[in-house]
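Construct the entire structure; sequences and hints are all you get.
Order-wise, the sequence lines are chains A and B. Numbering follows my numbering, in which position 161 of the first sequence is assigned residue number 161; successive positions increment by one, without gaps. Numbering follows my numbering, in which position 81 of the second sequence is assigned residue number 81; successive positions increment by one, without gaps.
Treat the hints with caution; some may be incorrect.
[Unchecked claim] Each pair of labels, with its calculated beta carbon distance range:
id, chain 1, residue 1, chain 2, residue 2, range
1, B, Ala15, A, Asp6, 24 to 30 Å
2, A, Glu150, B, Pro27, 36 to 42 Å
3, B, Asp123, A, Gly91, 22 to 28 Å
4, B, Gln117, A, His121, 21 to 27 Å
5, B, Asp129, A, Arg166, 42 to 48 Å
6, B, Asp129, A, Lys5, 23 to 29 Å
7, B, Ala118, A, Pro27, 24 to 30 Å
8, A, Ala115, B, Gly19, 29 to 35 Å
9, B, Lys66, A, Pro145, 21 to 27 Å
10, B, Lys107, A, Ala115, 33 to 39 Å
11, A, Lys107, B, Ala9, 47 to 53 Å
12, B, Asp129, A, Asp110, 19 to 25 Å
13, B, Gln167, A, Arg166, 36 to 42 Å
14, A, Pro145, B, Gly19, 42 to 48 Å
[Unchecked claim] The list that follows gives simulated cross-link-like pairs (lysine-lysine, DSS-like), each with its CA atoms no further than 30 Å apart:
id, chain 1, residue 1, chain 2, residue 2
15, B, Lys51, B, Lys21
16, B, Lys107, B, Lys51
17, B, Lys107, A, Lys135
18, B, Lys135, B, Lys31
19, A, Lys164, B, Lys142
20, B, Lys5, A, Lys66
21, A, Lys142, B, Lys21
22, B, Lys142, A, Lys66
23, B, Lys107, A, Lys51
24, B, Lys31, A, Lys107
25, B, Lys21, B, Lys164
26, B, Lys66, A, Lys31
27, B, Lys107, B, Lys66
28, A, Lys142, B, Lys5
29, A, Lys5, B, Lys164
30, B, Lys51, A, Lys21
31, B, Lys21, A, Lys5
32, B, Lys31, B, Lys51
33, B, Lys104, A, Lys31
34, B, Lys66, B, Lys5
35, A, Lys51, B, Lys142
36, A, Lys66, A, Lys104
37, A, Lys31, A, Lys5
38, B, Lys31, A, Lys5
39, B, Lys142, A, Lys21
40, A, Lys135, A, Lys21
Quick caveat, the hints were computed from the structure, so don't treat them as lab data. Ideal placement from N, C-alpha and C gives every residue a C-beta, glycine not left out.
There are 2 protein chains.
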Amino acid sequence: MSAYKDFLAPNAEYAANFGQKSTLPLPPAKKLAIITCMDARINVYAELGIKEGDSHIIRNAGGSAKDALRSVIISQRLLGTREIAVFHHTGCGMLTFSSPQLQKIVKDSDPTNPALQAVDHIDFLEFGDLEQSVKDDVTFLKESPLVLPETVVTGWVYDVETGKIRQIV
Amino acid sequence: MSAYKDFLAPNAEYAANFGQKSTLPLPPAKKLAIITCMDARINVYAELGIKEGDSHIIRNAGGSAKDALRSVIISQRLLGTREIAVFHHTGCGMLTFSSPQLQKIVKDSDPTNPALQAVDHIDFLEFGDLEQSVKDDVTFLKESPLVLPETVVTGWVYDVETGKIRQIV
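Following this line, the structure appears as structure tokens:
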């Protein structure tokens with residue numbers, strides 16, 4: 001059984017109750033972009049009171065601002081957002097490994113396959129200190145010449161054991 | 001008024017009703033990673049019946065699989081996912097511009113700032129045909145040596161005017 005087969009029934013119900021959402025405009029109403037981790041325990045809409053149409057949601061392993069830069073530029077320059085909130089979280093997988101370790105795992109999975117050497121060119125953007133990683137990502141955004149200087153940037157930690165958010169920057 | 005000030009009251013309510021979610025494990029229960037766009041109209045949990053703990057959610061401008069590769073490798077090799085569902089959507093901003101156009105917008109915003117030239121090194125990964133973009137991303141994942149060969153990969157279009165999903169691949 002593949003998980004995708006479970007999409008159809010909930011989607012039919014969602015679409016049947018779609019209502020006013022059919023006319024939502026493309027630009028986010030709150031002029032906001034949220035960057036957070038791909039972690040399965042994170043439900044951005046519920047945890048922050050976000051609704052359809054409110055905010056861009058950018059998610060990747062760790063909630064890396066550096067990894068999100070392409071998306072942030074599009075969000076700001078083409079779709080009018082002027083605020084970014086970066087959320088990292090407790091219990092994050094990014095705290096548990098290093099890029100050389102993961103590169104070795106990938107290459108060792110099939111030592112006869114030279115194509116796996118390509119993994120050595122990927123920086124996995126892991127971090128060792130949760131709060132510092134939030135500060136670093138906020139600094140990255142504030143100092144990047146490609147992010148608009150008037151952008152409001154905040155940095156947060158989400159606690160996966162309590163559901164609570166805490167502002168760091 | 002900054003949008004982040006609106007996070008606190010909904011978050012307090014979410015945390016007050018957190019319940020069993022406090023003990024969810026790190027690896028996604030459905031062994032699934034969903035890749036989709038950052039678009040503000042997309043509510044992945046509601047639209048696909050996803051719950052906290054079920055699935056990694058990777059989101060970027062367009063729902064690009066190429067942009068998501070770092071996250072996919074971490075998802076598969078460290079956290080055990082074996083299925084990927086790629087969702088692009090109707091009315092996507094990625095259908096409306098080209099990388100040279102956006103690079104020019106950024107550089108023209110402050111012609112006296114040489115640091116803005118850095119934008120020329122960014123491929124914004126726009127696309128011209130929605131269904132083809134889904135097929136291309138599924139092919140990219142199936143052909144990438146860094147994605148596990150046993151991965152179940154599906155490709156979908158989400159319709160922002162109806163809330164309905166449609167499988168392409």
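Cross-check of the supplied hints:
Checking the proposed 24 to 30 Å range against alanine 15 of chain B and aspartate 6 of chain A shows it holds: the Cβ atoms sit about 28 Å from each other. At about 40 Å, the CB distance of glutamate 150 of chain A to proline 27 of chain B agrees with the hint of 36 to 42 Å. The hint said 22 to 28 Å for the Cβ distance between aspartate 123 of chain B and glycine 91 of chain A, and at roughly 33 Å that hint is violated. Distance hint check for glutamine 117 of chain B and histidine 121 of chain A: the Cβ-Cβ separation is about 23 Å, which falls inside the suggested range of 21 to 27 Å.
The beta-carbon spacing between aspartate 129 of chain B and arginine 166 of chain A, approximately 44 Å, falls within the hinted interval of 42 to 48 Å. Between aspartate 129 of chain B and lysine 5 of chain A the beta carbons are some 27 Å apart, a value that agrees with the proposed interval 23 to 29 Å. Between alanine 118 of chain B and proline 27 of chain A the Cβ separation comes to about 25 Å, which falls inside the hinted range of 24 to 30 Å. A beta carbon spacing of about 45 Å between alanine 115 of chain A and glycine 19 of chain B contradicts the range 29 to 35 Å that was offered as a hint.
Restraint check, lysine 66 of chain B to proline 145 of chain A: a C-beta distance of roughly 24 Å satisfies the suggested window 21 to 27 Å. About 36 Å separates the C-beta atoms of lysine 107 of chain B and alanine 115 of chain A, a value consistent with the hinted range of 33 to 39 Å. At roughly 48 Å, the beta-carbon separation of lysine 107 of chain A and alanine 9 of chain B lies within the given 47 to 53 Å, and the hint holds. Against the hinted window of 19 to 25 Å, the Cβ-Cβ separation of aspartate 129 of chain B and aspartate 110 of chain A comes to about 34 Å, which falls outside the hint.
Look at glutamine 167 of chain B against arginine 166 of chain A: about 40 Å separates their beta carbons, and that is inside 36 to 42 Å. At roughly 45 Å, the beta carbons of proline 145 of chain A and glycine 19 of chain B sit within the given window of 42 to 48 Å. The straight-line distance between the Cα atoms of lysine 51 of chain B and lysine 21 of chain B is roughly 10 Å, inside the 30 Å bound, and the hint therefore holds. At most 30 Å may separate the alpha-carbon atoms for a hinted pair to count; lysine 107 of chain B and lysine 51 of chain B exceed this at roughly 42 Å.
Of the pairs offered as hints, the one joining lysine 107 of chain B and lysine 135 of chain A holds, with about 28 Å between alpha carbons and a cut-off of 30 Å not exceeded. Taking the CA atoms of lysine 135 of chain B and lysine 31 of chain B, the gap is about 22 Å. The hint holds against a cut of 30 Å. Taken as a hint, the lysine 164 of chain A and lysine 142 of chain B pair is broken in the structure, with Cα atoms around 38 Å apart against an allowance of 30 Å. About 24 Å separates the Cα atoms of lysine 5 of chain B and lysine 66 of chain A, which keeps this hinted pair within 30 Å; it holds.
As the CA atoms of lysine 142 of chain A and lysine 21 of chain B are separated by approximately 34 Å, the hinted pair breaks the 30 Å bound. Simply put, lysine 142 of chain B and lysine 66 of chain A have alpha-carbon atoms about 26 Å apart, close enough for the 30 Å limit, and the pair holds. At most 30 Å may separate the alpha-carbon atoms for a hinted pair to count; lysine 107 of chain B and lysine 51 of chain A exceed this at roughly 33 Å. For the suggested pair lysine 31 of chain B and lysine 107 of chain A, the alpha carbons sit about 22 Å apart, so the restraint of at most 30 Å is met.
The suggested pairing of lysine 21 of chain B with lysine 164 of chain B holds, with an alpha-carbon distance near 28 Å, which does not exceed 30 Å. Straight-line distance between C-alpha atoms of lysine 66 of chain B and lysine 31 of chain A comes to about 26 Å, which keeps the hinted pair within the 30 Å bound. Between the alpha carbons of lysine 107 of chain B and lysine 66 of chain B the distance comes to roughly 25 Å, so the proposed pair stays at or under 30 Å and holds. Taking the CA atoms of lysine 142 of chain A and lysine 5 of chain B, the gap is near 19 Å; set against the 30 Å cutoff, the hint holds.
Note on lysine 5 of chain A and lysine 164 of chain B: the hinted pairing holds, with a Cα-Cα distance of about 15 Å set against a maximum of 30 Å. For a cut-off of 30 Å, the pair hint linking lysine 51 of chain B to lysine 21 of chain A stands: about 21 Å separates their Cα positions. Between lysine 21 of chain B and lysine 5 of chain A the alpha-carbon distance is near 24 Å, which keeps this suggested pair within the 30 Å criterion. Between lysine 31 of chain B and lysine 51 of chain B, the direct Cα distance comes to roughly 13 Å. Compliance with the 30 Å bound is thereby established for this hinted pair.
Of the supplied pair hints, the one linking lysine 104 of chain B and lysine 31 of chain A holds, its CA atoms being roughly 22 Å apart against a limit of 30 Å. Only pairs whose Cα atoms come within 30 Å are accepted, and lysine 66 of chain B paired with lysine 5 of chain B is rejected, the gap being roughly 34 Å. Proximity of lysine 51 of chain A to lysine 142 of chain B is assessed by CA-CA distance (about 34 Å); at most 30 Å being required, the pair is judged violated. Under the criterion of a C-alpha separation no larger than 30 Å, the hint pairing lysine 66 of chain A with lysine 104 of chain A is consistent with the structure, at around 23 Å.
Annotation: proposed proximity of lysine 31 of chain A to lysine 5 of chain A is violated, straight-line Cα distance about 35 Å (limit 30 Å). For the proposed pair lysine 31 of chain B and lysine 5 of chain A, the alpha carbon gap of about 13 Å is at most 30 Å, so the pair holds. The straight-line distance between the Cα atoms of lysine 142 of chain B and lysine 21 of chain A is roughly 34 Å, outside the 30 Å bound, and the hint therefore fails. Among the hinted pairs, lysine 135 of chain A with lysine 21 of chain A is inconsistent with the structure: their alpha-carbon atoms are about 35 Å apart, more than 30 Å.
Hint compliance for this structure: hints 3, 8, 12, 16, 19, 21, 23, 34, 35, 37, 39 and 40 are broken, all remaining hints hold.
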